[in-house]
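These are the residues of each chain, in order.
Number of protein chains: 2
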Amino acid sequence: MRLATLSNGRPDGALVAVDADRKTMWPAGPETFQALLDGAPTGKPDATGPFDVTRCMAPLPRAWQFLDGSAYVNHVELVRRARGAEMPERFWTDPLMYQGCSDPFLGPADPIVSAPDWGTDFEAEVAVVVADVDRGASVDDAREAIRFVMLLNDTSLRGLIPDELAKGFGFVQSKPPSALAPLALSLDELDGWDGDRLHARMCVDLNGVPFGRTDAGQDMTFGFPELIAHAARTRPLRAGTVIGSGTVSNKRDGGPGAPVAQGGAGYSCIAEQRMIETIETGHAVTPFLRPGDHVEIWMEDAEGRDLFGRISQRVEAA
Amino acid sequence: MRLATLSNGRPDGALVAVDADRKTMWPAGPETFQALLDGAPTGKPDATGPFDVTRCMAPLPRAWQFLDGSAYVNHVELVRRARGAEMPERFWTDPLMYQGCSDPFLGPADPIVSAPDWGTDFEAEVAVVVADVDRGASVDDAREAIRFVMLLNDTSLRGLIPDELAKGFGFVQSKPPSALAPLALSLDELDGWDGDRLHARMCVDLNGVPFGRTDAGQDMTFGFPELIAHAARTRPLRAGTVIGSGTVSNKRDGGPGAPVAQGGAGYSCIAEQRMIETIETGHAVTPFLRPGDHVEIWMEDAEGRDLFGRISQRVEAA
Numbered sequence: 001m002r003l004a005t006l007s008n009g010r011p012d013g014a015l016v017a018v019d020a021d022r023k024t025m026w027p028a029g030p031e032t033f034q035a036l037l038d039g040a041p042t043g044k045p046d047a048t049g050p051f052d053v054t055r056c057m058a059p060l061p062r063a064w065q066f067l068d069g070s071a072y073v074n075h076v077e078l079v080r081r082a083r084g085a086e087m088p089e090r091f092w093t094d095p096l097m098y099q100g101c102s103d104p105f106l107g108p109a110d111p112i113v114s115a116p117d118w119g120t121d122f123e124a125e126v127a128v129v130v131a132d133v134d135r136g137a138s139v140d141d142a143r144e145a146i147r148f149v150m151l152l153n154d155t156s157l158r159g160l161i162p163d164e165l166a167k168g169f170g171f172v173q174s175k176p177p178s179a180l181a182p183l184a185l186s187l188d189e190l191d192g193w194d195g196d197r198l199h200a201r202m203c204v205d206l207n208g209v210p211f212g213r214t215d216a217g218q219d220m221t222f223g224f225p226e227l228i229a230h231a232a233r234t235r236p237l238r239a240g241t242v243i244g245s246g247t248v249s250n251k252r253d254g255g256p257g258a259p260v261a262q263g264g265a266g267y268s269c270i271a272e273q274r275m276i277e278t279i280e281t282g283h284a285v286t287p288f289l290r291p292g293d294h295v296e297i298w299m300e301d302a303e304g305r306d307l308f309g310r311i312s313q314r315v316e317a318a
Numbered sequence: 001m002r003l004a005t006l007s008n009g010r011p012d013g014a015l016v017a018v019d020a021d022r023k024t025m026w027p028a029g030p031e032t033f034q035a036l037l038d039g040a041p042t043g044k045p046d047a048t049g050p051f052d053v054t055r056c057m058a059p060l061p062r063a064w065q066f067l068d069g070s071a072y073v074n075h076v077e078l079v080r081r082a083r084g085a086e087m088p089e090r091f092w093t094d095p096l097m098y099q100g101c102s103d104p105f106l107g108p109a110d111p112i113v114s115a116p117d118w119g120t121d122f123e124a125e126v127a128v129v130v131a132d133v134d135r136g137a138s139v140d141d142a143r144e145a146i147r148f149v150m151l152l153n154d155t156s157l158r159g160l161i162p163d164e165l166a167k168g169f170g171f172v173q174s175k176p177p178s179a180l181a182p183l184a185l186s187l188d189e190l191d192g193w194d195g196d197r198l199h200a201r202m203c204v205d206l207n208g209v210p211f212g213r214t215d216a217g218q219d220m221t222f223g224f225p226e227l228i229a230h231a232a233r234t235r236p237l238r239a240g241t242v243i244g245s246g247t248v249s250n251k252r253d254g255g256p257g258a259p260v261a262q263g264g265a266g267y268s269c270i271a272e273q274r275m276i277e278t279i280e281t282g283h284a285v286t287p288f289l290r291p292g293d294h295v296e297i298w299m300e301d302a303e304g305r306d307l308f309g310r311i312s313q314r315v316e317a318a
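Line order of the protein sequences matches chains A and B.
The opening position of the first sequence corresponds to residue 1 in our numbering, with each subsequent residue numbered one higher.
The opening position of the second sequence corresponds to residue 1 in our numbering, with each subsequent residue numbered one higher.
Simulated from the structure, these hints should not be mistaken for lab results.
If you're wondering where the values come from, they're calculated on a predicted model, not measured in any experiment.
Certain hints may be false.
For chains that are exact copies, the list does not tell them apart, and a pair is met inside one copy or across any two.
Claimed, not checked - Below, in silico cross-link-like pairs of lysine to aspartate or glutamate (DMTMM-like), each with a Cα-Cα straight-line distance of 25 Å or less: (1) Lys167 to Glu226; (2) Lys167 to Asp196; (3) Lys167 to Glu86; (4) Lys251 to Asp215; (5) Lys167 to Glu89; (6) Lys167 to Asp94; (7) Lys167 to Asp219; (8) Lys167 to Glu77; (9) Lys23 to Asp306; (10) Lys23 to Glu164; (11) Lys23 to Asp191.
This is chain A alone, in the form it adopts within the complex (with noise of 0.2 Å):
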């Protein structure tokens, strides 16, 4: 099943299934995402009509529940390295977790609304949406309860972790909404679902310029039924909850990547570019997001064919 949510005035949107092509759609059945994940039966493509992605929201407009991980360690050793914070040993066995902004998810081509000084960055992300699950459920109970797969951009403002971490209770002004693209996917469409991760590549342009060419199936310390069962661990989680599987990062021989520009993979975000360029020169060259940059995120299959659309923000003066 591919899934669009399209703009219809109302929080929750007007749920359309897309066929394979992605010209066609038809009612979805249920009329909300939400309504199909709490068991509403699902309808047939017997009225079908030209799909025009430039109409779709967040495929999930919003969510009960948003809790993204950090399953790509050597992300957070990097992001870690670059503030000057030490990463403990355990992140490697026990993973980082945080409840993120679930009301709204911003729609695909919705502007990234940031000041300057926030120190504005992308993070490219895999996320998956789950049926119910119980509390206390096992890694294998996880894994069952995973239904639909879609692509995050967790927008990140730099500018004011360091002081918000330094509080104690994690992230709340300084993860502002985060964007999906277009189409939320089953896993009977995803030739690279392994049951645990996504292998597939994430690609990001910045400015129209390769910034990232990663490999999502790769260096994921943690699966996706890991993290659901540590999120489930003190509490049920419910139809309709989004687990993200934080910045997707590669490494390579063993230590940071490169950027495209130098035949590596590139990055996912911007604070781990900025970490080797101060490795390598003693300072970071490039910028966070400014007013007017654009960033574009999709995923592509072992075919090069586009999984879930694409994300096309553009970074818009606060």
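Position chain B against the provided structure of chain A, taking the given hints into account.
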């Protein structure tokens, strides 16, 4: 307006309005509290029936966002001392806040299910429900957006908190679902509402013995409008967002309060009483919650009238 939500087998229940003497109720108009907050018209008391509080779920059984402040800085100072952590001076001017579990909010009589080594504690809090708040809203705009007040038990797993906070991303596992008292009250029903704070007595009994009789209008360093503006600095808050006060906590003569048994106002969580015991005798005496323990939380106005109905939860082993 005095709202409650009856259990009907669906996640959001059925919204009813309740009269002042809590004997009769009528359909509130929209089917759910969220629908009312989203702008659906309200009903009229033309089809009243008997109100049975035992049928109540949380008035808002799930919300799109729950941002919980720590506005009683006295509580923060005591709990930090209890775990050997220092409190930075800026906590008196910059609110602490985390994003908590908002799906589900437990009903007033739902059990607290937890494992013995989780160090389970209650935290009696005031919570408000807001209408739409724009990103970057001022404190004055935030004040205008407050619609309803509720009473909340933010269950906290003290045994899990130090390890989780040490990871730097805030609470997930150490904050399981909170419970709400049966009634949500609009501001015109609350004589003790001054626009920023609720002046009313926060009452806690533990196993039938008075544990806390604090004043929620006192020692609240940040009012709700300041908490809301803090939450909305970089994200919009949409209708139905819940903002928590943090644990109500009073000083006495400029220092920490005293237990009810010693003539003090007592505490709204066990951790504070344990801290006082540690200061006085060198070690904590009061244990955290154990299976079979019974926590009751309610609020009284200046005339001693109950405001929100009663949270009455028993502890069950996970």
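Original post:
For which of the previously enumerated hints does the structure constitute a violation, in increasing order of number?
Top reply: 10
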